[in-house]
Amino acid sequence: EVQLQESGPGLVKPSQSLSLTCSVTGYSITSSYRWNWIRKFPGNKLEWMGYINSAGSTNYNPSLKSRISITRDTSKNQFFLQVNSVTTEDTATYYCARLGVRVMDAWGQGASVTVSS
Amino acid sequence: QIMLTQQAESLWISPGERVSITCRASQSLLYTDGKHYLSWYQQRPGQTTKALIYHASVRTDGVPTRFIGSGSGTEFTLSIEHVQPEDFAIYYCLQTLKSPFTFGSGTKLEIK
Chain A
50 EVQLQESGPG LVKPSQSLSL TCSVTGYSIT SSYRWNWIRK FPGNKLEWMG YINSAGSTNY
110 NPSLKSRISI TRDTSKNQFF LQVNSVTTED TATYYCARLG VRVMDAWGQG ASVTVSS
Chain B
2 QIMLTQQAES LWISPGERVS ITCRASQSLL YTDGKHYLSW YQQRPGQTTK ALIYHASVRT
62 DGVPTRFIGS GSGTEFTLSI EHVQPEDFAI YYCLQTLKSP FTFGSGTKLE IK
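Respectively, the protein sequence lines represent chains A and B. Count along the first sequence starting at 1, add 49, and that's the number in our numbering. Count along the second sequence starting at 1, add 1, and that's the number in our numbering.
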């Protein structure tokens, strides 16, 4: 059974970079699927941020494109999110999720990140 | 980008009742393969997000039959028959037809 787990700092200062890791067990991220980052803002709105596919190509939400980077370490079966120049509006719970052709069938528990000085 | 509208922010119902949650898309979610790229998800506190429905009407493995997805084009509905206590949660629709993928704003099912 595939499992995803987010990790990273819970507090980031404004103007700094937010970095999160998604550790995947039970499935190789190089085999198939698209590996996504999604965030949930206070108030429950969900935003798809982007993905890295099994070949290593990325696709980002244009609303974040200039600030976001998704990379991976295939030896550790992990993928990463970096968001630059954060503001308080980046305060959210960040999720990683696996997307097949049809559905996001596996999600992490979520990592809460607060942007505050 | 494709906008998804879930009109109801909250719905109050009693256990055992039937409820329908709607999701409207700003353009058709029908692809050339004849499938709609609309899926439904459940978020409960302390649980990982659960995929319920894909292609608008197909239940994912293990999802109880009381969850029913329907609709086509731009109008979709998630119905829950005989709501159980564990169904009180937030429900989201998601379109993966076109990037950027977008979610509906969510509908919270609350106990009356």
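Accuracy of the hints is not assured; some may be wrong.
[As the list claims (entries may be wrong)] Only pairs whose alpha carbons sit at most 27 Å apart, straight line, appear in this in silico DSS-like list of lysine-lysine:
#1 K94(A) to K51(B)
#2 K109(B) to K94(A)
#3 K62(A) to K94(A)
#4 K99(B) to K114(A)
[Unchecked claim] From the structure, some residues in chain A lie toward chain B, with a derived Cβ separation under 10 Å:
#5 K89
#6 P91
#7 D139
#8 L148
#9 D154
#10 V164
Rather than coming from a laboratory, the hints here were simulated on the basis of the structure. Idealized CB from N, CA, C, for every residue including glycine.
Evaluated hints:
1. K94(A) to K51(B): Cα-Cα ~16 Å, so holds.
2. K109(B) to K94(A): holds, 12 Å
3. K62(A) to K94(A): Holds, at about 22 Å.
4. K99(B) to K114(A): holds, 16 Å
5. K89: holds, 8 Å
6. P91: violated, 12 Å
7. D139: violated, 17 Å
8. L148: Check passed: Cβ of L148(A) comes within 7 Å of chain B, closer than 10 Å.
9. D154: holds, 5 Å
10. V164: Since the shortest Cβ distance to chain B is 21 Å, the answer is violated.
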